[in-house]
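The numbering of the sequence shown is my numbering, which starts it at 4 and goes up by one.
By construction, these hints were calculated from the structure, which means they are not laboratory data. Keep in mind that a hint or two might mislead.
As the list claims (entries may be wrong) - Restraint ranges, calculated between C-beta atoms of paired labels, are given here:
hint: 1; residue 1: G233; residue 2: T279; range: 56 to 62 Å
hint: 2; residue 1: A249; residue 2: T127; range: 53 to 59 Å
hint: 3; residue 1: D265; residue 2: R112; range: 39 to 45 Å
hint: 4; residue 1: R28; residue 2: T99; range: 43 to 49 Å
hint: 5; residue 1: G233; residue 2: G190; range: 57 to 63 Å
hint: 6; residue 1: D136; residue 2: R178; range: 24 to 30 Å
hint: 7; residue 1: T127; residue 2: A254; range: 44 to 50 Å
hint: 8; residue 1: S32; residue 2: M128; range: 26 to 32 Å
hint: 9; residue 1: E79; residue 2: G144; range: 52 to 58 Å
hint: 10; residue 1: E278; residue 2: F124; range: 56 to 62 Å
hint: 11; residue 1: L244; residue 2: G71; range: 49 to 55 Å
If you're wondering where the values come from, they're calculated on a predicted model, not measured in any experiment. No residue lacks a Cβ here, since even glycine has one placed at the ideal position from N, Cα and C.
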Amino acid sequence: MTGSQPVVVAEGLTKRFGAFTAVDRLDLSIAKGEVVGFIGPNGAGKSTTIRMLCGLLRPSAGRASVAGFDVGRQPEAVRAHIGYMSQKFSLYGDLTCRENLRFFAGIYRVPRQERAERTHFAITMAGLEGREDMLVRTLAGGWKQRLALGCAILHRPPVLFLDEPTSGVEPQARRRFWDLIHTLADGGVTILVSTHYMDEAEYCNRITMIDAGRLVAIGSPRELRQQGLGGQLFEIVCAPLGAALAALRQAPGVLEVDIFGDKLHVLVHEQAVAETLRPFLTEKGITADPPRSIAPSLEDVFVQLVSRRSKAPGDAGIKP
Numbered sequence: 004m005t006g007s008q009p010v011v012v013a014e015g016l017t018k019r020f021g022a023f024t025a026v027d028r029l030d031l032s033i034a035k036g037e038v039v040g041f042i043g044p045n046g047a048g049k050s051t052t053i054r055m056l057c058g059l060l061r062p063s064a065g066r067a068s069v070a071g072f073d074v075g076r077q078p079e080a081v082r083a084h085i086g087y088m089s090q091k092f093s094l095y096g097d098l099t100c101r102e103n104l105r106f107f108a109g110i111y112r113v114p115r116q117e118r119a120e121r122t123h124f125a126i127t128m129a130g131l132e133g134r135e136d137m138l139v140r141t142l143a144g145g146w147k148q149r150l151a152l153g154c155a156i157l158h159r160p161p162v163l164f165l166d167e168p169t170s171g172v173e174p175q176a177r178r179r180f181w182d183l184i185h186t187l188a189d190g191g192v193t194i195l196v197s198t199h200y201m202d203e204a205e206y207c208n209r210i211t212m213i214d215a216g217r218l219v220a221i222g223s224p225r226e227l228r229q230q231g232l233g234g235q236l237f238e239i240v241c242a243p244l245g246a247a248l249a250a251l252r253q254a255p256g257v258l259e260v261d262i263f264g265d266k267l268h269v270l271v272h273e274q275a276v277a278e279t280l281r282p283f284l285t286e287k288g289i290t291a292d293p294p295r296s297i298a299p300s301l302e303d304v305f306v307q308l309v310s311r312r313s314k315a316p317g318d319a320g321i322k323p
């Protein structure tokens, strides 16, 4: 992060569609050069929030500004100062990479004398050298997404919105894509990226967790893992898994139990409770290994915070 003045600000940002509230009183402040991730399940309000911040949807209540422009009163000015990449690939498959870049340079009104340099920069940044004249429809998914990112930054926007940009892209290509994101952020671009991949959120400076349109928590990955659980987390290998899950939800001192792959993640008040879990399961005819203390993942934190919020709707979660 390279600036103290926030580039993106939201205060009580709300969007309603009839009786349905998609985004509910969201507060946000993002600095120059910061990479902020929006994570949450499908339908949580991530895309709706981004569309409001891009000036594409008018807020029902609250306010927001991007690059110094009000999203409700100055949507055209907002759109002129941002780059946007949607979750669906939106380039033209029957054009070459170079032709797509030239087309978007014209759409973004890049000065003619700068278009060749900006096109070259986008091709180099995306690693598309040698593929400039390939039809876009022949590219693999990862290459397409990198080209789309190149198109989105042709006009040097100070703020970049990426709406689930790596959906459907293979893991190795996703990692390369995130390398490009951080290269841009190092150059001072402020980036908001929505994703439902919890592992991707680890690459962000800060994470905004959203569920059912409400802010659940906001903080760095480290802050969220340290503060988000309110107990100690253990992993248990046991069988049968469904019976163990049902049993442990009734065990004394257990705060939360969830299935993670072929194991259970069990949140308890203290170490002493964990030591009782294996005997507890054995008494019920369930085979179990000794519980193993583990560091919480962001998925653990998110599941726990959403569960906590459902039990106490007034709890807005963590705001470090």
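Verification of the hints:
no.: 1; hint: G233 - T279: 56 to 62 Å; result: 19 Å, violated
no.: 2; hint: A249 - T127: 53 to 59 Å; result: 56 Å, holds
no.: 3; hint: D265 - R112: 39 to 45 Å; result: 54 Å, violated
no.: 4; hint: R28 - T99: 43 to 49 Å; result: 46 Å, holds
no.: 5; hint: G233 - G190: 57 to 63 Å; result: 39 Å, violated
no.: 6; hint: D136 - R178: 24 to 30 Å; result: 27 Å, holds
no.: 7; hint: T127 - A254: 44 to 50 Å; result: 57 Å, violated
no.: 8; hint: S32 - M128: 26 to 32 Å; result: 28 Å, holds
no.: 9; hint: E79 - G144: 52 to 58 Å; result: 32 Å, violated
no.: 10; hint: E278 - F124: 56 to 62 Å; result: 59 Å, holds
no.: 11; hint: L244 - G71: 49 to 55 Å; result: 53 Å, holds
The earlier numbered hints that this structure contradicts are 1, 3, 5, 7, 9.
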